[in-house]
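Q: For the record, the sequence lines run as chains A and B. Mapping to our numbering: the first sequence position 140 is 130, numbers consecutive. Mapping to our numbering: the second sequence position 28 is 18, numbers consecutive.
A hint or two may mislead.
[As the list claims (entries may be wrong)] Pairs of lysine-lysine, DSBU-like flavour, derived with a Cα cap of 30 Å:
1. A:Lys104 to B:Lys241
2. B:Lys167 to A:Lys128
3. A:Lys167 to B:Lys64
4. B:Lys21 to A:Lys176
5. B:Lys64 to A:Lys170
6. A:Lys96 to B:Lys267
7. A:Lys241 to B:Lys104
8. B:Lys128 to B:Lys11
9. B:Lys358 to A:Lys167
10. B:Lys104 to A:Lys206
11. B:Lys358 to B:Lys313
12. B:Lys267 to B:Lys222
13. B:Lys11 to B:Lys267
14. A:Lys313 to B:Lys176
15. B:Lys313 to A:Lys176
16. B:Lys176 to B:Lys239
17. B:Lys241 to A:Lys96
18. B:Lys167 to A:Lys64
19. B:Lys67 to A:Lys170
20. B:Lys96 to A:Lys239
21. A:Lys175 to B:Lys96
22. B:Lys222 to B:Lys176
23. A:Lys44 to A:Lys11
24. A:Lys64 to B:Lys222
25. A:Lys170 to B:Lys128
26. A:Lys64 to A:Lys176
27. B:Lys348 to A:Lys313
28. A:Lys313 to B:Lys175
29. B:Lys351 to B:Lys267
30. A:Lys170 to B:Lys96
31. B:Lys170 to A:Lys96
Hints were generated in silico from the structure; no laboratory data involved.
Below, each chain spelled out in residue letters.
Protein chains: 2
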Amino acid sequence: MQAITFQQPYKVLVKTVPIPKILQDTDVIVKVCVSGLCGSDLHVYRGDEVGIDKDTIMGHEFMGIVNEIGSNVKDLKVGDRVLSPFSNCCGECFYCCRGITSRCEKGQLFGCLKNGYGIHGGQAEYVRVPLASSTLVKIPEGISDNTALLLCDVLCTGYFCAENGLNELAPQISYLKQYKLEYQKKDEYDDIVVVVVGCGPVGLMSIASAIYLGVKTIYSIDSIQERLEIAKEFGATPIHLIDENPIEKIKEITNGRGADIVLEAVGNLSSLDLSFKLLRPAGVLSSIGLNHSNTFPFNPNDGYHKNLKYISGRCPVRQILTKTIPFVLSKKFNFEKIITHEMKLSDGEKAYEIFEKKLDKCVKVVFKK
Amino acid sequence: MQAITFQQPYKVLVKTVPIPKILQDTDVIVKVCVSGLCGSDLHVYRGDEVGIDKDTIMGHEFMGIVNEIGSNVKDLKVGDRVLSPFSNCCGECFYCCRGITSRCEKGQLFGCLKNGYGIHGGQAEYVRVPLASSTLVKIPEGISDNTALLLCDVLCTGYFCAENGLNELAPQISYLKQYKLEYQKKDEYDDIVVVVVGCGPVGLMSIASAIYLGVKTIYSIDSIQERLEIAKEFGATPIHLIDENPIEKIKEITNGRGADIVLEAVGNLSSLDLSFKLLRPAGVLSSIGLNHSNTFPFNPNDGYHKNLKYISGRCPVRQILTKTIPFVLSKKFNFEKIITHEMKLSDGEKAYEIFEKKLDKCVKVVFKK
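One chain only, chain A, in its complex shape (with noise of 0.2 Å):
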């Protein structure tokens, strides 16, 4: 089959490989309808994961059809219109069992070997999902194939930084509702003010999920003109990173507060730090950029002065998919404008360039046979 593989930073290769088999009686074998390729992907073709083992197939969003069965797996028959999250995970350990199913005891990402330990990723024709019962996820009428996609990584985790963004709010929202009078009769989330910092496929999602959720008022900060496009279909009031002063902005629509909630989706040093100033005292930080940066942009003094609330870490989308599907369901948005391209696996060296560089106005590539 055809593969996109991993060769050394900078350099992925399309090579045909042995179509997967099924090793323990847990795995599944999924052809693969369609495939993503995603800003963490990136991080594995500049070698910022290092050790990724050569060869390692690269890619951790598919979705496609069951098209192998170990004699163990449960509630899944060959035919059947599947997604997985971006790793696997056994639904049954300490972590699984606290809905962290990202911290599964048990699971692997896909598109991550090293030293021979891991497995390999869905940009190919077939991918094998160990864990198959627990990891899968049956996908039901009225969702295409590319919003199945978009469920496997970069949907349920915007709505992952929205929501964790949300509920640490939610003690000062209760205790408003609570002490005054005129909030009671209010919405929960009509007063609150969300910055979104960066507005890649993550951020996108993030902001439609904070709106899903009932927040009214957020603002979009990126540099790229056309992702800031996206943002105001999807709801957000853009603020342009270099041509505005997104801090002064933020100040003035707050009297100079700050925003209760940022959702950083970025992941580096000064998307961390802009997130931070953005912030008010007692906000919310919700940081879910995988962030390589070898220190913080602030201090625990700053952290205590600004009663600071950080919160962040790896998207659980097994548990998240359950809260994901009924709002793709809603038909409240169109995610697949996120999609920008639509390339074949044999484009693979071409699209990770592409993307890579952001050329073409790419927001989001996908990749189908």
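Given the structure of chain A, go ahead and fit chain B onto it with the hints provided.
A: Frame of chain A; chain B shown alone:
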């Protein structure tokens, strides 16, 4: 009147100064019965808090009797027995309305004058309390002077630290109860492991608070034996920082995972480092110690890979008192156990030395005339 005044780093001086007068019609003058010496007074004492004016009256913990009252003060009268949060608040601003009274737009810390701006502290015979109606709280029957003094800061701060940790963990527990039948019968916090780093007054109060809030399994770490003994009396299992290996011990207890919640009640780089290492993935790090470190001992990448929830900041005492007054009235703990030294204001200089150097098994000093 007598007052303990700041002169320069590591030098306070007991002086005779004028009795404060009403300056605004919302002021109250409190005749102090008991004032406290708090760990954060040591930040001032050591000169960590730069720019405190010479002759500032020290201290932000005090309780006493309303002695004089401004013309516009409501709900208080001369003779009322009152306690004060360590900072005052207006009760009306954006932050006060959200329960973040410690970030009140008009709030000031007691015992903190910089370039003539600010308010004097409570280590004196009298203290002026601006915004008195929304700051001072009448002390109910059945709460002693010493216990009331502990409510001004350390007891509320410890409670805030514990409550934050438990609030952040709540979604995981509700998920567990929803999806695992055997957990539906259990109490909410039956199975969680909490670790308190630092058994100073705030750490000890956070132990009592966590237990009051339902925690069954709690470990406390310190290097001072007599503090570990009080922690044990409050219901924690003590771990000696030096003689034992806290990280190994907690990993052992939690099948190698780490603690669900770490309550960090010291406020320096090494305590924060230990706290992070003690924490399991997707655990909560509730850090209450005022921390002057200029860097975090972990980085955003570490935080991401641990799905870190980090919460810190100054306790909103005025709001927390609505919960800690019933807590105190429950009589479940003898909080005064932490008061190892009752001294006279005239012994101020000696008291700071004893407390700073932890001489004579000192945990907490209070002053009475």
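Q: CA of Lys313 of chain A to CA of Lys176 of chain B, is that 30 Å or under?
A: 26 Å, holds
Q: Does the structure keep Lys358 of chain B and Lys313 of chain B at a Cα separation of 30 Å or less?
A: 27 Å, holds
Q: Holds or violated: are the alpha carbons of Lys176 of chain B and Lys239 of chain B at most 30 Å from each other?
A: 25 Å, holds
Q: Take the C-alpha atoms of Lys348 of chain B and Lys313 of chain A, compute the straight-line distance between them, and say whether it is at most 30 Å.
A: With a Cα-Cα distance of about 53 Å, the restraint between Lys348 of chain B and Lys313 of chain A is violated, given a limit of 30 Å.
Q: Hinted pair, alpha-carbon criterion (30 Å max): Lys96 of chain B, Lys239 of chain A. Please report holds or violated.
A: Measuring from Cα to Cα gives roughly 24 Å; hence the hint holds.
Q: Taking 30 Å as the top limit, are the C-alpha atoms of Lys167 of chain A and Lys64 of chain B close enough?
A: 24 Å, holds
Q: For the pair supplied as a hint, Lys67 of chain B and Lys170 of chain A, confirm whether the alpha-carbon distance does not exceed 30 Å.
A: Holds, at roughly 26 Å.
Q: Run the distance test for Lys170 of chain A versus Lys96 of chain B: straight-line Cα separation, threshold 30 Å.
A: 19 Å, holds
Q: Given the hinted pair Lys170 of chain A and Lys128 of chain B, is their alpha-carbon gap at most 30 Å?
A: 22 Å, holds
Q: Given the hinted pair Lys64 of chain A and Lys222 of chain B, is their Cα-Cα distance within 30 Å?
A: The given pair, whose Cα atoms are some 49 Å apart, is violated under the 30 Å limit.
Q: Is Lys222 of chain B close enough to Lys176 of chain B, meaning Cα to Cα at most 30 Å?
A: 25 Å, holds
Q: Does the alpha-carbon distance linking Lys104 of chain B and Lys206 of chain A stay inside the 30 Å limit?
A: 41 Å, violated
Comparing the model with each numbered hint stated earlier shows that hints 4, 9, 10, 13, 24, 26 and 27 do not hold.
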